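Trainee: Sequence:
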Amino acid sequence: MLTHTDSSSLGATALRVHNLTVRYAGHPYDRPALEEVSLKLAAGTVTGLIGVNGAGKSTLFDAIMGLRHGDTGTVELHRPVAYVPQHHHVDWNFPISVAEVVGSGTTNPHNAWEWGVWGWRRPKNKKRIAAALERTNLADLRRRPIAELSGGQKKRVFVARGIAQGARVMLLDEPFAGVDEASRAEIVALLHELAAEGVAVLVSTHDLTHLPQLCERAVLLNRRVVADGPVAEVLAPEVLAEGFAGGSPRGFAGDGGYACV
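Residue numbers for the sequence shown, in the working numbering: 1 to 261.
FYI, nobody ran anything at the bench for these hints, they're computed from the structure.
Zero decoy hints are in this set.
Derived SDA-like pairs (lysine to any residue); straight-line CA-CA distance at most 20 angstroms:
(1) K124 / A139
(2) K40 / V226
(3) K40 / V231
Predicted model only: the values in this text are computed from it and were never measured.
Turn these sequences into a full structure, and let the hints steer you where they fit.
Mentor: Here you go:
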């Protein structure tokens, strides 16, 4: 059984995953979505997570957040954990403003009052929201419906939510999909700032071209950890050939396939 704990004994390690295995009932090949995956994230670092479609990247994120129950393994981390979802995982037509999305990071979903309409309007929370909006250059858009935002602005809204949340671990699932070069550079700079303040950042991305600008370390996943180390070593042709067996290292857009999203 997967053990998921909020640990204060990790020291400089913000996240530790050890021997994580996740299986899905009815898989046609009876193979795990993740098999004995282990990795550590140090506080104050940005790490890239790459892999072919169906490699289990989103499954790993879900397990870290406690949304998937693995067969075996442990997940230890410092909370809070923030999550920036893939574009298609959000109902962008839902009638909610930028400030309300960011404000959801300041409330406790296990407390009815905190999670209610008024919880994020409490004075202490309003200050955190305002600071997060300023930092992500979204203050002028605070009342705008999220449906009216550009691709880059939408990503920054969820980064701002993580900032308001006071996240110590931030998970980003394909944050550069559908954004222009200027927005990409702005998001990368923001992630580096957060890392400099001690946040552990893990970014799932299919964009291998810009990976060296994003991070110094990369993890190549294909149901198991194929490689974990400096970006230049992980992007070596022979390593990619092993990690992307059955897929292409260019042009994929996140986890797909059977039960790995």
